[in-house]
Amino acid sequence: MKTKSSILLKLLVVQCLVVFCVAQDFDFFYFVQQWPGSYCDTKRSCCYPTTGKPDSDFGIHGLWPNYNDGTYPSNCDSKNHFDKSKISDLISEMQEEWPTLACPSADGYSFWQHEWEKHGTCSESIFDERGYFKTVLALKQKSNLLQALKSAGIRPDGKKYSVESIKEAIKESVGKVYRSSAWCTNNKLLDT
Numbered sequence: 001m002k003t004k005s006s007i008l009l010k011l012l013v014v015q016c017l018v019v020f021c022v023a024q025d026f027d028f029f030y031f032v033q034q035w036p037g038s039y040c041d042t043k044r045s046c047c048y049p050t051t052g053k054p055d056s057d058f059g060i061h062g063l064w065p066n067y068n069d070g071t072y073p074s075n076c077d078s079k080n081h082f083d084k085s086k087i088s089d090l091i092s093e094m095q096e097e098w099p100t101l102a103c104p105s106a107d108g109y110s111f112w113q114h115e116w117e118k119h120g121t122c123s124e125s126i127f128d129e130r131g132y133f134k135t136v137l138a139l140k141q142k143s144n145l146l147q148a149l150k151s152a153g154i155r156p157d158g159k160k161y162s163v164e165s166i167k168e169a170i171k172e173s174v175g176k177v178y179r180s181s182a183w184c185t186n187n188k189l190l191d192t
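Numbering (the working numbering), first residue to last: 1 to 192.
Rather than coming from a laboratory, the hints here were simulated on the basis of the structure.
Careful: at least some of the hints might be erroneous.
As the list claims (entries may be wrong) - Under the rule of at most 25 Å between Cα atoms (straight-line distance), these lysine-lysine pairs were calculated in the DSS-like manner: (1) Lys118 - Lys150; (2) Lys118 - Lys79; (3) Lys134 - Lys86; (4) Lys171 - Lys134; (5) Lys134 - Lys84.
With the hints as extra help, turn the sequences into a complete structure.
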């Protein structure tokens, strides 16, 4: 039985942070990371990328513009298609930090294309394609969630940890407020 005060630290699917507020066509960004084992433990099947099994660490899911009312813009510029040549020097880092787990196995390009075309094109007032991906990679380096949780004694070991202790560990490390409404259905963290 799941309670609000404690969760099994095995399936934390998505962690979202409000990373900064902007006076643009939206109100703020969610920087979304996912735990590979958790993604693979959901009802969706998962396949490791063609580049190999990801590290046991949070991976990037995306940077999503949002409105304060809970809605979000998407697919804002249908003419601005993903161009992998614009990020060619970032590919090896993206394959490591932003792996795709969707089936069938892939190299990441279709996942990154989806993220750019759905979310990135809505932040063009701030980023071009290269700037979007470079910024997301920099955010990943600044918000080392696995280390933040480990530093607070929270590990993917099957033990139960309170939601509040997880939020506090992230807030202490990253310095931003964790939006609990961003938690998904399965609140567990699974060691991969």
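| message | Name the hints, by number, that the structure is in violation of. | response | When the structure is compared with the hints, only number 1 turns out to be violated.
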